[in-house]
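Trainee: These protein sequences, in sequence, are chains A and B.
In terms of this note's numbering, the first sequence has 264 at position 214, counting the first letter as 1, and numbering is strictly consecutive.
In terms of this note's numbering, the second sequence has 224 at position 174, counting the first letter as 1, and numbering is strictly consecutive.
One thing to keep in mind: the hints can contain errors.
[To be verified] Facing chain B, according to a computed beta carbon distance under 10 Å, are these residues of chain A, among others:
1. Ala70
2. Ile72
3. Gly206
Source of the hints: derived by calculation from the structure; they are not laboratory data.
Just so you know, even glycine gets a beta-carbon here, dropped at the ideal spot from N, CA and C.
Protein chains: 2
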Amino acid sequence: MNLSLYLKERQALVEEALCASIGDGRVPAKLAEAMAYSLNAGGKRLRPILVIAGAEAVGGNAAQVLPAAVALEMIHTFSLIHDDLPAMDDDSLRRGKPTNHVVYGEAHAILAGDGLLAEAFAVFADAAHFPDVDPAILVRVIHDVAQATGPRGMTGGQVIDMEATGTAQTEATLERLHAHKTGRLITVSVITGARLAGATHNQCAALTRYGDDIGLAFQIADDILDIEGNQEELGKDIGSDAAQGKSTYPTVIGMAASKKRARALVEKAIDALSTFEDSADPLRALARYVVDRKK
Amino acid sequence: MNLSLYLKERQALVEEALCASIGDGRVPAKLAEAMAYSLNAGGKRLRPILVIAGAEAVGGNAAQVLPAAVALEMIHTFSLIHDDLPAMDDDSLRRGKPTNHVVYGEAHAILAGDGLLAEAFAVFADAAHFPDVDPAILVRVIHDVAQATGPRGMTGGQVIDMEATGTAQTEATLERLHAHKTGRLITVSVITGARLAGATHNQCAALTRYGDDIGLAFQIADDILDIEGNQEELGKDIGSDAAQGKSTYPTVIGMAASKKRARALVEKAIDALSTFEDSADPLRALARYVVDRKK
Numbered sequence: 051m052n053l054s055l056y057l058k059e060r061q062a063l064v065e066e067a068l069c070a071s072i073g074d075g076r077v078p079a080k081l082a083e084a085m086a087y088s089l090n091a092g093g094k095r096l097r098p099i100l101v102i103a104g105a106e107a108v109g110g111n112a113a114q115v116l117p118a119a120v121a122l123e124m125i126h127t128f129s130l131i132h133d134d135l136p137a138m139d140d141d142s143l144r145r146g147k148p149t150n151h152v153v154y155g156e157a158h159a160i161l162a163g164d165g166l167l168a169e170a171f172a173v174f175a176d177a178a179h180f181p182d183v184d185p186a187i188l189v190r191v192i193h194d195v196a197q198a199t200g201p202r203g204m205t206g207g208q209v210i211d212m213e214a215t216g217t218a219q220t221e222a223t224l225e226r227l228h229a230h231k232t233g234r235l236i237t238v239s240v241i242t243g244a245r246l247a248g249a250t251h252n253q254c255a256a257l258t259r260y261g262d263d264i265g266l267a268f269q270i271a272d273d274i275l276d277i278e279g280n281q282e283e284l285g286k287d288i289g290s291d292a293a294q295g296k297s298t299y300p301t302v303i304g305m306a307a308s309k310k311r312a313r314a315l316v317e318k319a320i321d322a323l324s325t326f327e328d329s330a331d332p333l334r335a336l337a338r339y340v341v342d343r344k345k
Numbered sequence: 051m052n053l054s055l056y057l058k059e060r061q062a063l064v065e066e067a068l069c070a071s072i073g074d075g076r077v078p079a080k081l082a083e084a085m086a087y088s089l090n091a092g093g094k095r096l097r098p099i100l101v102i103a104g105a106e107a108v109g110g111n112a113a114q115v116l117p118a119a120v121a122l123e124m125i126h127t128f129s130l131i132h133d134d135l136p137a138m139d140d141d142s143l144r145r146g147k148p149t150n151h152v153v154y155g156e157a158h159a160i161l162a163g164d165g166l167l168a169e170a171f172a173v174f175a176d177a178a179h180f181p182d183v184d185p186a187i188l189v190r191v192i193h194d195v196a197q198a199t200g201p202r203g204m205t206g207g208q209v210i211d212m213e214a215t216g217t218a219q220t221e222a223t224l225e226r227l228h229a230h231k232t233g234r235l236i237t238v239s240v241i242t243g244a245r246l247a248g249a250t251h252n253q254c255a256a257l258t259r260y261g262d263d264i265g266l267a268f269q270i271a272d273d274i275l276d277i278e279g280n281q282e283e284l285g286k287d288i289g290s291d292a293a294q295g296k297s298t299y300p301t302v303i304g305m306a307a308s309k310k311r312a313r314a315l316v317e318k319a320i321d322a323l324s325t326f327e328d329s330a331d332p333l334r335a336l337a338r339y340v341v342d343r344k345k
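Please model the entire structure based on the sequences and the hints provided.
Mentor: Shown next as structure tokens:
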């Protein structure tokens, strides 16, 4: 399949839906602007595309799950805004643009993040968004997304990350950190799309294995890009992990072993899809993309 | 009815449920500690008690809605932690105790707030918590809570508050500020309890009017207490609104008119309950309590 055409089409759908998602006039203007600034700052849109590809894998389509794709990107964006704050990673550049607090100030950046997080659940729980979905399934989806986002997931991962910074980690502790900080939201993106499109229990189990594997592969690729990437393409500083005293796969197991591990995870992720037909080809192509990407 | 006995019994139920709500070992220790610190820092527990009283008003009971009561207090606590941050109101004392960021640092305080917000939705969407509730009702409840919390509700209210600080407000703009910042979460607390216990459309409409009126009365009482209250009982500095350049009801319409307006709102709230029998007596007593309280 032609992945770059696939990505281009899905990204266009997602961008359009993201643009339409904030400003309905009932949000205070400066808050809406701060939320939209980071939401519309580009990026790969990996999580929303995984929502769509997860739905397609089980016979669904993008239109069915587009609000969920938007909600997942809102949650991802919330985490980026808060991670960049002076009290956290203190980053002033993200995707080549000044970070939210640099433009809107710390208070508005904190609230823009809070607003995106709460709004994501309002989007999920808007019955008009998923007219054909059994509400019991929708409740399950919301539960899984909330857990992947909260203290047992991404928010917990940020704490693990802060506490690990400055201390040499083992591969096992690094894997735990990444599973929390990025892995769970990636897995739940695939599962959300699949569940909303009617996935069976067995399909969800296979897609969870797929998500966990590409989630970790994605993070190892990130670690590699932080050393070998092109600053202009990445839109952020190279070597920032090392400068911040963060352990990464290349520093813990070496560059060659990291590349080998990422490739092995991709193969394992694709193996997890063995019971799926062509409908899972986008997921297969995306698995290779997460390690082959240049940004 | 004996309100102080009622409050004591319901507060005990809520405190016990709050204590049990965080530490299941899957949350990183310091994050769990920071979340629990603010969640267990006492307070009136007004929102969870309104959830319970809302359920009771339509023939339900506390046990049916206790997880929702916990979730609403998590959301309220998230907002307090973030409001107190140096970049926001920069408060070092809350309920007589050092604020979250004073104890755990800014980064952990931001994440403790984020964690409580996400966890609240995980609690709501845990199907085991509401076995007898139609999932479609649960989705509606989650939607309303998310909207009352997010950019169209409390988070938006905090932005309106920041922008209003230092500028003289009219009564109308003050009312809009308070409706967003505190009113919507108070109303949604009553409605959440009622809906989960099977409220009809007409009951929800009456309880919404009740909630909107006591929400505003509560905030006017807060403004009055900030001037006339006892620092020791309040657990925070007196006159902090004026010191921060915030418009309040007493500064905008005068102290006597503020007290009159609060009392009138309480009577209006109680009138809204005219179609309810004795089961709404706790709500009636709570309406008087929100303006008669000393803290």
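Trainee: None of the hints should be skipped; say for each whether it holds.
Mentor: Structure-based check of all given hints:
Taken as an interface hint, Ala70 of chain A does not check out: its beta carbon lies about 15 Å from the nearest beta carbon of chain B, beyond 10 Å. Proximity of Ile72 of chain A to chain B holds as hinted, the smallest CB-CB distance being about 8 Å (cut-off 10 Å). A cut of 10 Å between beta carbons decides the hint on Gly206 of chain A: the least distance to chain B is about 5 Å, and the hint holds.
Hint compliance for this structure: hint 1 alone is broken.
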